[in-house]
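Participant: Throw the hints in and build the complete structure from the sequences for me.
Residue numbers (my numbering), protein chains in the order written: chain A, 1 to 307; chain B, 1 to 308.
Treat the hints as calculated values from the structure; they're not laboratory data. Warning: the hint list may mix true and false statements.
Part of the chain B face toward chain A, derived, beta carbon under 10 Å [said to hold, decoys possible]:
1) 158
2) 163
3) 164
4) 165
5) 166
6) 242
7) 249
8) 262
9) 280
10) 285
11) 291
Distance windows between CB atoms, simulated [to be verified]:
12) B:81 with A:207: 55 to 63 Å
13) A:226 with B:81: 51 to 59 Å
14) B:165 with A:48: 20 to 28 Å
The C-beta atom is built at its ideal place from N, Cα and C for all residues, glycine as well.
If you want the building blocks of each chain, they are given just below.
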Amino acid sequence: MTKYLVTRIFAAIVTVWVTTIAVSMLIHVVPGDPVQIMYAQSQGTTPEQLENIRRSLGLDQPIVTQYFMYMKKLMHGDLGHTIRGEQPVMDLLLLHLPYTLLLAGTALVIAIAIGMPLGFIAAYKRGSWLDTSLMTAAILGVSMPSFWLGLILLFTFAVRLEWLPVAGSGIQNLVLPAITLGVANAAIIARLTRSSMIDIFDQDFIRTARAKGLPRATVLYRHALRAGLVPIVTMIGMQFTYMMGGAIVVENVFGWNGVGRMAIQAIFQRDYPLIQGFILMFAIIVVIVSVLMDLLYVRLDPRIRYR
Amino acid sequence: MQKSNMGAALLGARTPPAPSEDVDARSLHSPLRRFVEAVFANRGAAIGFVLVAFLVFVAIFAPVLAPYSPDEMGAGDMLGPPSLSHPFGTDEFGRDMFSRVIHGTRLTIQVGVIAVGISLTLGMLIGMISGYAGGWLERIFMRGVDVLFSFTETLIALAAVAVLGPSLTNAMIAVGIAAIPFYARVTYSVTLVECNKPYIEAAYASGAGHLRLLFRHLLPNVIPPLIVVATLGVSTAVLAAAALSFLGLGAQPPSPEWGAVLSAGRDYFNTAPWIMLYPGLAIMITVLAFNLLGDGIREALDPRQRKE
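Facilitator: Right, dumping it as structure tokens:
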């Protein structure tokens, strides 16, 4: 088990390291002159000014030197400054990240609360009309573009009914985006839970438990759910990273003040330092979540714990 | 169903023999025919197939089917509600929404096919070579795939668009690149299983070279599971590309691409909700069609998942 964890953590470190290389090279794979592209929008920059900018970004140095400079700054928590406004990238990320985590976290809770029970019921009632209708609803939910659902909710509840504010970043503004993000993922979780539970229900130990006359509830909750939970939990870990991705879109529908909205604006403005910082931060979060999920997996599944 | 039971019987597995109704005349048909029958026996898959066929038809004959040009301004009133002459209403420039949605089908099918083509081709190559070659090639490729995989598709697609710049073509490429790790992983695991089968050994023993082994022997056996992944992949690609266009990072106005139309229509959703209603529905139906078809094919290939 220790070996398993060490391998996983080592892999995580490698991933982050490769990301730093990829991110610092990002600016070099941009077709054309990145400095010119970045400053295309601000009129009247002279060639001398562009040269100064290039020097201040370290772009006149050899690529390897640039990477070491980038890493040295990174070790001090310095991700550089934005092109527009010259703000420290780190500060901006830390300012907006909590909003995204709050949105993704709330949505995850909604998705689990809806998806897991429904998937469990569908698996238990496999083949019935209830199963069919739940899974039909789930596939519709999976197929619905989140930005469309978001617009419809926004239109219905904020514009028409005026129950909730249209834009902003208060707690009331969290409701619609969290539901939007949660519903689509509830559908995914319901489908995963159903197939995972069906696998479990078909296994010998469930039949044995039933055959020895245990009450149905005991078999369902003590035996089946416990065994079925293990794969579901790992899938939910991946789900959280999908949600972080989904949040980027949903934030832009609702004007939620998270990193996703910031990142899209950065892409429009060709603000490469900000884009680089965003990608690195996102990758680190994904890596941390996946390591945490592995720890949880080990905790939940005795077969791994005692290996 | 027949296929797996037969396989299990050959391997002397513990599974009980199939019920007699399974061993009917159908099992004597060719594997392809049995597969097609199994797909169509699934109601969802049949619906999915019909929808996909319909969408492809609309995509191909879009100019014939659309009553107006998608860019023709003043084809009707500005922001006109759905009517007989404009079934989906008109937008803020008086363009016919019905024609725009029809032409959008063409773009969307194109996006799905090209993006999946990119990820399937490259992912399959990487996966097959790593699984077949083993050694340091395998380690480098699959480690790289693992790293990319943990980035999630959204992030890779965003990074690719950030580098390439916003356009529909770049969005297709970005979405295609983003899914490569997934296809590579699936191909890799299938290849590992296939490589241990006797037919590969037999082909090698009869003197087949590496390329012949890879493309004549391995490839045909790697493809079936990838059909499922690719079909479901079209829906993911369509959703992702529509999202990019909606964010303004894909198709640009006046393109009738559904995501771009939705994005432009959001300003009018109070006065002309039909502008965002129909393109959204169209995206949903397309994604649903490929999801149903993919699920159906998977169930046909994997009897364990089939409903009783």
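Participant: Enumerate the violated hints, using their earlier numbering and listing them in ascending order.
Facilitator: Checked against the structure, no hint fails, so every one of them is satisfied.
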